[in-house]
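Undergrad: Protein chains in written order, with this note's numbering: chain A, 47 to 157; chain B, -19 to 94.
Wrong hints could be hidden among the right ones.
Unchecked claim - For lysine-lysine, the following DSSO-like pairs were computed, each having C-alpha atoms within a straight-line distance of at most 30 Å:
{"hint": "1", "chain 1": "B", "residue 1": "Lys(-9)", "chain 2": "A", "residue 2": "Lys144"}
{"hint": "2", "chain 1": "A", "residue 1": "Lys115", "chain 2": "B", "residue 2": "Lys37"}
{"hint": "3", "chain 1": "B", "residue 1": "Lys58", "chain 2": "B", "residue 2": "Lys37"}
{"hint": "4", "chain 1": "B", "residue 1": "Lys(-6)", "chain 2": "B", "residue 2": "Lys37"}
{"hint": "5", "chain 1": "B", "residue 1": "Lys58", "chain 2": "B", "residue 2": "Lys(-9)"}
{"hint": "6", "chain 1": "A", "residue 1": "Lys144", "chain 2": "A", "residue 2": "Lys100"}
{"hint": "7", "chain 1": "B", "residue 1": "Lys(-9)", "chain 2": "A", "residue 2": "Lys115"}
{"hint": "8", "chain 1": "A", "residue 1": "Lys144", "chain 2": "A", "residue 2": "Lys98"}
{"hint": "9", "chain 1": "A", "residue 1": "Lys49", "chain 2": "A", "residue 2": "Lys100"}
{"hint": "10", "chain 1": "B", "residue 1": "Lys37", "chain 2": "A", "residue 2": "Lys144"}
{"hint": "11", "chain 1": "A", "residue 1": "Lys115", "chain 2": "A", "residue 2": "Lys100"}
{"hint": "12", "chain 1": "A", "residue 1": "Lys115", "chain 2": "A", "residue 2": "Lys49"}
{"hint": "13", "chain 1": "A", "residue 1": "Lys144", "chain 2": "A", "residue 2": "Lys49"}
{"hint": "14", "chain 1": "B", "residue 1": "Lys(-6)", "chain 2": "B", "residue 2": "Lys58"}
{"hint": "15", "chain 1": "A", "residue 1": "Lys49", "chain 2": "B", "residue 2": "Lys37"}
What the hints assert, rightly or not - Far from chain A, by Cβ distances over 10 Å, these chain B residues were calculated:
{"hint": "16", "residue": "Gly(-4)"}
{"hint": "17", "residue": "Val(-1)"}
{"hint": "18", "residue": "Ile6"}
{"hint": "19", "residue": "Ala33"}
{"hint": "20", "residue": "Leu40"}
{"hint": "21", "residue": "Ala68"}
Hints are computed from structural coordinates only; laboratory data are not their basis. Beta carbons: idealized from backbone N, C-alpha and C, even for Gly.
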Amino acid sequence: LAKTTQPISMDSYEGQEVNITCSHNNIATNDYITWYQQFPSQGPRFIIQGYKTKVTNEVASLFIPADRKSSTLSLPRVSLSDTAVYYCLVALGGTASKLTFGTGTRLQVTL
Amino acid sequence: GAGVSQSPRYKVAKRGQDVALRCDPISGHVSLFWYQQALGQGPEFLTYFQNEAQLDKSGLPSDRFFAERPEGSVSTLKIQRTQQEDSAVYLCASSGGQRNTEAFFGQGTRLTVV
Chain A
47 LAKTTQPISM DSYEGQEVNI TCSHNNIATN DYITWYQQFP SQGPRFIIQG YKTKVTNEVA
107 SLFIPADRKS STLSLPRVSL SDTAVYYCLV ALGGTASKLT FGTGTRLQVT L
Chain B
-19 GAGVSQSPRY KVAKRGQDVA LRCDPISGHV SLFWYQQALG QGPEFLTYFQ NEAQLDKSGL
41 PSDRFFAERP EGSVSTLKIQ RTQQEDSAVY LCASSGGQRN TEAFFGQGTR LTVV
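Okay, chain A solo, but in the shape it has when bound (with noise of 0.2 Å):
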């Protein structure tokens, strides 16, 4: 299974961009890179996926560079309502059969 390595805590303050950096140097042909946030008591919710280059949704951005052993999760303008634990996983096969969740990183977002 690839490996994922990603900071264990941020902190940033309200309105601020924020950036998760996170490598998968083992990450195979056919897997995809996802992220998930997760609340307090709260099951982990889907944020984005994306295979190479640079996709944006209404979240997130993710950019992947060519040899797709590293990822970067972007949140634009953070709220403090974003802090959360964001876990960055590579979906085996990109499908969500399997899904490996590591310890993520913990965002605090402050006034």
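Take the given structure of chain A and dock chain B to it, following the hints.
TA: Just chain B now, with coordinates in the frame of chain A:
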């Protein structure tokens, strides 16, 4: 339903007791997953169903853990002879949406074994 529903939300069991945790996936979702999340850790995969077939149970920690989905919709995770190390949040998720790595998680069942 609108989302994945799990019951009970909280369960306290005495050591040695059997427990059953229920998951109602999103209607029409073919895939269903169970995860275990210890305090301060990320969720860990337990098992995966496609319809009623259990395709992967490699994450079940011991033979005390058993999961079923007999009609391809509702699933039950059963833990026999609970032990203190079984205390965790048990998360159920289902998948079947357009984005292929997107799984929809329930709020989980917090199991405390005393």
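Undergrad: Now, for every hint given, state plainly whether the structure supports it.
TA: Each hint, compared with the structure:
This hinted pair checks out: B/Lys(-9) and A/Lys144 have alpha carbons roughly 26 Å apart, not beyond 30 Å. Taken as a hint, the A/Lys115 and B/Lys37 pair is honoured in the structure, with Cα atoms around 29 Å apart against an allowance of 30 Å. Annotation: proposed proximity of B/Lys58 to B/Lys37 holds, straight-line Cα distance about 13 Å (limit 30 Å). For a cut-off of 30 Å, the pair hint linking B/Lys(-6) to B/Lys37 stands: about 26 Å separates their Cα positions.
A distance of roughly 13 Å separates the Cα atoms of B/Lys58 and B/Lys(-9); the hinted pair therefore holds under the 30 Å criterion. At most 30 Å may separate the alpha-carbon atoms for a hinted pair to count; A/Lys144 and A/Lys100 meet this at roughly 24 Å. The hinted pair formed by B/Lys(-9) and A/Lys115 fails the criterion: a straight-line CA distance of about 41 Å is larger than 30 Å. Only pairs whose Cα atoms come within 30 Å are accepted, and A/Lys144 paired with A/Lys98 is accepted, the gap being roughly 21 Å.
Annotation: proposed proximity of A/Lys49 to A/Lys100 holds, straight-line Cα distance about 21 Å (limit 30 Å). With a CA separation close to 10 Å, the supplied pair B/Lys37 and A/Lys144 stays within the 30 Å bound. As the CA atoms of A/Lys115 and A/Lys100 are separated by approximately 14 Å, the hinted pair is consistent with the 30 Å bound. Only pairs whose Cα atoms come within 30 Å are accepted, and A/Lys115 paired with A/Lys49 is accepted, the gap being roughly 11 Å.
Taken as a hint, the A/Lys144 and A/Lys49 pair is honoured in the structure, with Cα atoms around 13 Å apart against an allowance of 30 Å. Restraint check for B/Lys(-6) and B/Lys58: satisfied, since their Cα atoms lie roughly 15 Å apart, inside the 30 Å limit. For the hint pairing A/Lys49 with B/Lys37, the CA-to-CA distance comes to about 20 Å; that is within 30 Å, so the pair holds. With a least CB separation of 28 Å from chain A, B/Gly(-4) remains clear of the 10 Å interface cut-off, as annotated.
Distance check for B/Val(-1) against chain A: the nearest CB is about 19 Å away, which clears 10 Å, and the non-interface claim stands. Listed as outside the interface, B/Ile6 is consistent with that label: its C-beta sits roughly 13 Å from the nearest C-beta of chain A, beyond the 10 Å cut-off. With a least CB separation of 12 Å from chain A, B/Ala33 remains clear of the 10 Å interface cut-off, as annotated. Its beta-carbon lying about 13 Å from the closest one in chain A, B/Leu40 satisfies the requirement of being farther than 10 Å from that chain.
Under the 10 Å C-beta cut-off, the non-interface status given to B/Ala68 relative to chain A holds; the minimum distance is some 13 Å.
Comparing the model with each numbered hint stated earlier shows that hint 7 is the single one that does not hold.
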